[in-house]
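Quick note, the sequences are listed as chains A and B, same order. Position 255 of the first sequence, counted from 1, bears residue number 255 in the numbering used here, the numbering being contiguous throughout. Position 613 of the second sequence, counted from 1, bears residue number 613 in the numbering used here, the numbering being contiguous throughout.
Simulated from the structure, these hints should not be mistaken for laboratory data. Hints may contain errors.
Anything over 10 angstroms on all C-beta distances counts as not near chain B; from chain A, calculated [as the list claims (entries may be wrong)]: (1) T165; (2) A204; (3) L221; (4) Y250; (5) F307; (6) S360; (7) G381.
Label-pair ranges, simulated between beta-carbon atoms [to be verified]: (8) B:I47 / A:P350: 35 to 41 angstroms; (9) B:E716 / A:E247: 33 to 39 angstroms; (10) A:E310 / B:T720: 48 to 54 angstroms; (11) B:P121 / A:E128: 21 to 27 angstroms; (12) B:Q297 / A:L191: 38 to 44 angstroms; (13) B:Q536 / A:G312: 52 to 58 angstroms; (14) A:D195 / B:R564: 46 to 52 angstroms; (15) A:L191 / B:P276: 22 to 28 angstroms; (16) B:D430 / A:G407: 51 to 57 angstroms; (17) A:L191 / B:T720: 28 to 34 angstroms.
For each residue, glycine too, the CB sits at the ideal point set by N, CA and C.
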Amino acid sequence: MDRRDFLKLASTAGLGVAVGGQFSGQAKAADPYSGPLWLFIHASGGWDPTSFCDPKGTTNLDSPDRMNNYLQADIRDDAGNIKYAPVADNETFFPKWRDKLLVVNGIDTGTNSHEAGVRTTWCGTLSEGRPSLAALLAGVYAPTQAMAFISNGGYDYTGNVVSLTRVPDTGTLGRIAYPNRINPGDENTRLFHTDATMQRIATARDERHQVKLSQQHLPRLRQSMSTLYTSRLGQNELKQLIQYLPEDFYDNGIARQAQVAIAAYKAGICVSANLSTGGFDTHGQHDQNHFPSLSRIWTGVNQLMEFAEEQGVADKIYVVIGSDFGRTPGYNSGNGKDHWNITSMMMMGPNIQGNRVIGSTTDRHAAINVDPTTLAPVESGGVRLTPGHVHKALRKLGGIDTSEIVGEFALLDTKEDLPIFG
Amino acid sequence: MGAVAGSGCSGSSADEACVSDEMYFAEQTWSQVLNASCIGCHNPQGIAGNTSLVLKNSSEAGFLSANMEIFKQVATLEQGGESLVLLKPTQKVSHGGGNVIKEGSKEYEILTEMVRRYKEPSACETDTTAFFQGVQLASAPETLRMAALELLGRLPTEAEEKAVDEGGMEALDVILDQYLHEEAFYIRLKEIYGDVFNTDRYLMGEDAMGVIQSNRAMEGYEPRWYNGLQYDEALIEKYGAESWSDLVNTLRRYTVQGVAREPLELVAHVVRNDRPFTEILTADYMLVNPFSAKAYQIEAEFQNEADPTEFVEVKREGYPHSGVISSEMWLARHPTSETNLNRHRSRMVYQAFLGTDILKLAERRLDTSSVADFNPTRNNINCTVCHFNVDPVAGFFQKFGQVGNYNPERQWPETLIPPGFNGQSMVQDDFPTANVWGVQRLAYDPRFALAQIYNVLTGVTGQKQLLAPAPGEDNFENKFQAYLAQYYMFNEIADEFIASDYDIRLVFKALIKSPYFRARNFGGDLTPERQQELSQLTSSRFLTPEQLHRKIWAVSGYPWREGRFGTNYLLSTERYKLLYGGVDHLDVLQRIGEPNGIMANVSDRMANEMSCRSVPRDFSLPQEERLLFPNVDVSFEPQDRNGFDVDPAIDAIKQNIQYLHKRVLGESLDISHPEIERTYQLFLATWQEGVKGMAKAEDDPERISRDLPGDCHVNEEFWTSKPLPEEMRINGDETYTIRAWMAVMTYMLSDYRFLYQ
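Working from the sequences, and respecting the hints, build out all of it.
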């Protein structure tokens with residue numbers, strides 16, 4: 001039985017598709033995916049928003065308490081409503097994307113632990129055992145696709161709502177896309193088995209699976225069996241990926257990771273991807289180590305959008321950029337900056353109104369609360385922005401906030417629904 | 001299927017009535033009272049952190065036992081004949097937290113009973129098996145196969161199978177002891193601890209040399225000694241190299257192996273020599289092979305100076321050895337900085353050697369942006385929550401630099417929380433050898449034993465230890481029961497481990513015989529509560545690339561690799577190792593535990609390639625030497641030319657299918673079992689398709705060739721490439737039985753039972 005037949009049968013029978021033990025959606029979820037592609041860029045190590053989208057600067061470059069090694073007067077204002085720091089090639093990014101870009105400053109991650117920070121930034125809560133937003137989107141929309149959720153790092157816990165895929169090297173994909181071809185690159189090659197035999201093997205395997213599953217009662221073993229079974233449902237679509245993979249890949253890691261995700265998206269088998277780049281945990285020599293890492297992100301986004309344009313999918317891509325947490329105000333004795341729980345996130349994509357900044361911080365980068373209705377800063381009362389607020393809004397934007405799966409992972413520690421996307 | 005776990009320990013009322021003191025403390029005193037009403041203040045950073053009741057966080061290994069003892073110290077204090085733990089919360093005496101428990105309430109009754117139990121300990125013992133009631137375990141022979149593959153990457157021998165068939169679990173115990181002394185076990189042991197230390201990151205390239213090069217000025221090393229060699233024909237011959245450059249590359253590889261593998265070789269060395277496992281921390285020596293000895297410029301004696309696998313103990317002059325954590329590879333893998341001040345190393349120590357994720361302490365909401373205190377890591381609760389634990393242990397590494405260079409003159413900032421452990425401060429005189437002071441305490445902390453159980457558990461099952469559920473968490477009660485069952489079983493194993501003078505083999509054996517390795521099913525439908533309780537119980541893991549590589553080889557007789565001696569598909573990061581969920585110990589540290597679409601394709605390709613490689617080759621061997629087809633030959637066709645069944649052939653084919661189910665899938669099935677019939681029908685239909693296809697006219701596009709695909713031809717002996725005698729060669733498949741058997745092998749090699757443990 002091929003994937004579509006299985007799903008048709010499951011749909012007729014009113015069955016959900018068991019993925020990793022979760023009943024994760026009805027059969028319609030596994031048709032070739034055609035919704036938007038979600039790219040989550042993780043700046044690993046904890047970035048410093050005061051070096052780009054929440055600039056502070058200083059009035060005295062010799063001051064031991066200076067926030068940054070640039071003057072307040074040099075803060076750039078040529079990106080509409082988005083002010084940015086005059087460092088790290090920022091001018092190649094903010095003016096270019098200002099009309100699409102939404103900046104959320106003054107987000108309180110509530111932690112300065114890397115592991116917890118990465119988790120709360122990408123799943124919206126400090127609690128363990130919650131899937132990343134990328135996994136949830138893939139789990140709702142295409143849980144059985146071969147590469148529904150690609151991860152190159154960051155927070156990729158799936159909660160078994162979807163399988164996680166890593167694609168470290170695209171060069172090996174061609175060989176496994178055609179497992180029955182002796183010479184995978186040659187469509188006229190001999191096969192290991194005739195097509196009829198391969199189909200017969202698959203049928204016997206499926207029948208055996210159903211029998212074994214019906215005899216098994218332990219939840220983990222049922223889950224394992226189901227996961228292997230469903231991972232095979234979308235495996236034929238891997239062939240389609242090959243035709244969309246570019247011949248040349250960018251050198252920039254973010255862009256290269258995105259090229260694979262975009263190719264998989266065009267093949268209808270990818271919903272979301274974590275893209276990751278490191279070098280942000282700059283406890284020593286902050287500026288000289290941190291700025292090149294920021295530049296890598298700007299180059300990566302510029303190139304991935306360029307590739308998306310070429311592929312005709314630029315208007316269907318969401319890009320969300322974040323990090324573990326922020327970095328301390330000012331410099332330590334090693335000219336570094338340590339961990340700080342206040343951070344920023346940036347995002348763009350369909351239905352995100354750009355040229356906007358939500359949230360703000362003091363001149364020492366402490367969060368200022370916002371009015372829960374207007375999102376304007378308030379001197380007292382109001383709401384402190386957290387990753388939970390951002391995620392509640394993103395879940396709604398992604399159309400998954402009311403789905404059954406996401407209901408199992410409600411963000412209970414975030415009470416307010418803030419109109420971040422209007 | 002084997003034994004049913006928990007039998008004899010049923011939940012009958014008589015058994016339920018006999019609750020041990022420790023179980024009562026966990027289920028009642030901790031769960032219902034201390035966790036709910038007390039620990040919020042009575043924790044090291046809480047407002048009652050300076051009282052005599054300071055409870056441990058659940059992120060600490062063994063926290064229940066520790067808290068039971070801590071609570072006992074206060075519970076046995078009395079005023080007017082009544083325990084302080086009853087007087088304080090009811091505010092009969094002054095209590096900073098006020099009246100938090102009412103006299104006569106359920107909580108009060110629980111505390112009263114606990115006080116009584118402290119005075120008159122119960123004779124009941126904690127029953128760690130009752131929780132598993134109804135869980136069906138793998139039989140002794142099934143466990144034998146699982147253990148052989150898990151520990152050694154091979155199938156059990158016939159003699160081993162016979163012994164266990166006859167002697168059951170007792171015989172298994174003896175064979176496990178033998179397994180745990182085989183050389184292959186040490187490979188697996190290093191693999192398991194490799195995932196803990198991640199030092200194999202230095203096994204590729206020459207980064208290991210870079211690390212010790214950077215420490216060279218202080219230590220006088222000669223890391224790349226091989227580059228300075230003078231041309232010498234004798235050396236080329238000594239090492240069997242093909243040329244001078246080949247020799248230099250070989251020496252470089254051997255040196256990297258010696259340097260990079262030092263911490264993992266120490267683990268194996270300690271076990272191989274039957275030393276207490278604590279020696280992985282307390283070793284006052286390091287290990288070198290003949291090549292890393294040259295890199296470190298250390299004199300050492302070897303039995304074979306050309307053997308890169310020979311490691312011997314050496315001591316470096318003036319260097320404070322402390323097992324793994326003074327290895328430059330471990331130190332470099334967990335580097336520090338002028339501001340990190342060894343805190344990352346401290347965190348790794350807690351994780352690997354104390355089974356405690358120290359960062360979990362910081363997982364409640366903190367607001368460091370509100371910190372305005374002087375020296376906040378000592379004075380602000382948002383910081384001290386971690387730093388009180390982290391900084392004293394960070395002090396163990398005070399004389400080691402960013403990538404591990406030792407300098408006894410290095411100063412430790414006085415503003416930090418002083419070096420120490422478990423409340424004991426280190427005196428200044430110990431500072432130059434602070435790491436040695438530290439390991440003497442780490443190794444004998446009760447959490448060290450538990451940490452090794454956690455490490456081995458993850459190694460053999462792929463699962464992490466269960467975490468105590470947080471108060472208010474969904475299904476708390478069921479999750480807590482599952483947690484307690486594991487907690488007490490592991491405590492029992494830890495006690496035995498310590499009593500055995502830290503024999504790590506005992507831990508392997510205990511876990512392999514436990515339900516966490518052997519659970520195969522549950523006898524009957526599970527109630528929703530049991531579903532929750534048993535939700536994490538598993539004996540099934542998706543095999544790591546390394547394990548699948550060994551299993552393919554063990555079962556089929558051949559490796560899955562390019563050609564004979566080419567790259568192994570599942571072991572190379574440039575092939576499928578990472579795609580198949582493996583780790584590189586550098587960027588990718590988490591194994592993927594469940595398959596995705598790409599991994600499914602990898603396994604399908606493997607199944608096709610290996611059936612092509614192994615089936616014709618096995619048939620080319622004399623019947624008595626075959627691994628896969630001892631009962632049939634290529635001439636065994638199930639039907640004659642008129643379509644009538646050939647019963648003797650069918651019987652033999654089914655016998656061989658029965659044999660393959662056992663060899664490949666580990667299933668012992670009766671010849672009439674439906675799974676045998678399903679596999680036979682696959683064989684039969686494939687054979688019929690082939691015979692019909694081969695009979696078609698030459699110009700018919702649907703005609704099937706009488707030859708095997710080229711890659712499946714057998715003309716040379718596999719390992720030597722020597723041409724085979726004509727009678728052993730196989731290129732054609734006139735009867736189509738070879739390809740029918742290839743279909744069977746593809747079916748089995750891609751089956752759940754093959755891809756999972």
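Status of the hints after comparison with the structure:
A Cβ of chain B approaches the Cβ of T165 (chain A) within 10 angstroms, the least distance being about 4 angstroms, so the stated non-interface status is violated. Interface exclusion of A204 (chain A) from chain B breaks down, the closest Cβ pair being 5 angstroms apart, not more than 10 angstroms. For L221 (chain A), the condition that its CB be more than 10 angstroms from all CB atoms of chain B is violated, with the nearest at approximately 5 angstroms. In this structure Y250 (chain A) is separated from chain B by more than 10 angstroms, as the shortest Cβ-Cβ distance comes to about 18 angstroms.
Even its closest Cβ contact with chain B, about 21 angstroms, leaves F307 (chain A) beyond 10 angstroms, as expected for a residue assigned away from the interface. Every C-beta of chain B lies more than 10 angstroms from that of S360 (chain A), the closest at about 13 angstroms, which supports listing it as non-interface. At roughly 17 angstroms, the least C-beta separation between G381 (chain A) and chain B is larger than 10 angstroms, which holds for a residue marked as non-interface. Hint check: I47 (chain B) to P350 (chain A), Cβ distance near 50 angstroms, so the stated range 35 to 41 angstroms is violated.
At roughly 37 angstroms, the beta carbons of E716 (chain B) and E247 (chain A) sit within the given window of 33 to 39 angstroms. Our hint of 48 to 54 angstroms for E310 (chain A) and T720 (chain B) holds, since their Cβ atoms are close to 52 angstroms apart. About 36 angstroms separates the C-beta atoms of P121 (chain B) and E128 (chain A), a value inconsistent with the hinted range of 21 to 27 angstroms. Between Q297 (chain B) and L191 (chain A) the beta carbons are some 58 angstroms apart, a value that contradicts the proposed interval 38 to 44 angstroms.
Checking the proposed 52 to 58 angstroms range against Q536 (chain B) and G312 (chain A) shows it is violated: the Cβ atoms sit about 45 angstroms from each other. The given range of 46 to 52 angstroms is broken by D195 (chain A) and R564 (chain B), whose C-beta atoms sit roughly 30 angstroms from each other. Our hint of 22 to 28 angstroms for L191 (chain A) and P276 (chain B) is violated, since their Cβ atoms are close to 57 angstroms apart. Between D430 (chain B) and G407 (chain A) the beta carbon distance is about 56 angstroms. The supplied range of 51 to 57 angstroms therefore holds.
Taking the beta carbon of each, L191 (chain A) and T720 (chain B) are about 30 angstroms apart, inside 28 to 34 angstroms as hinted.
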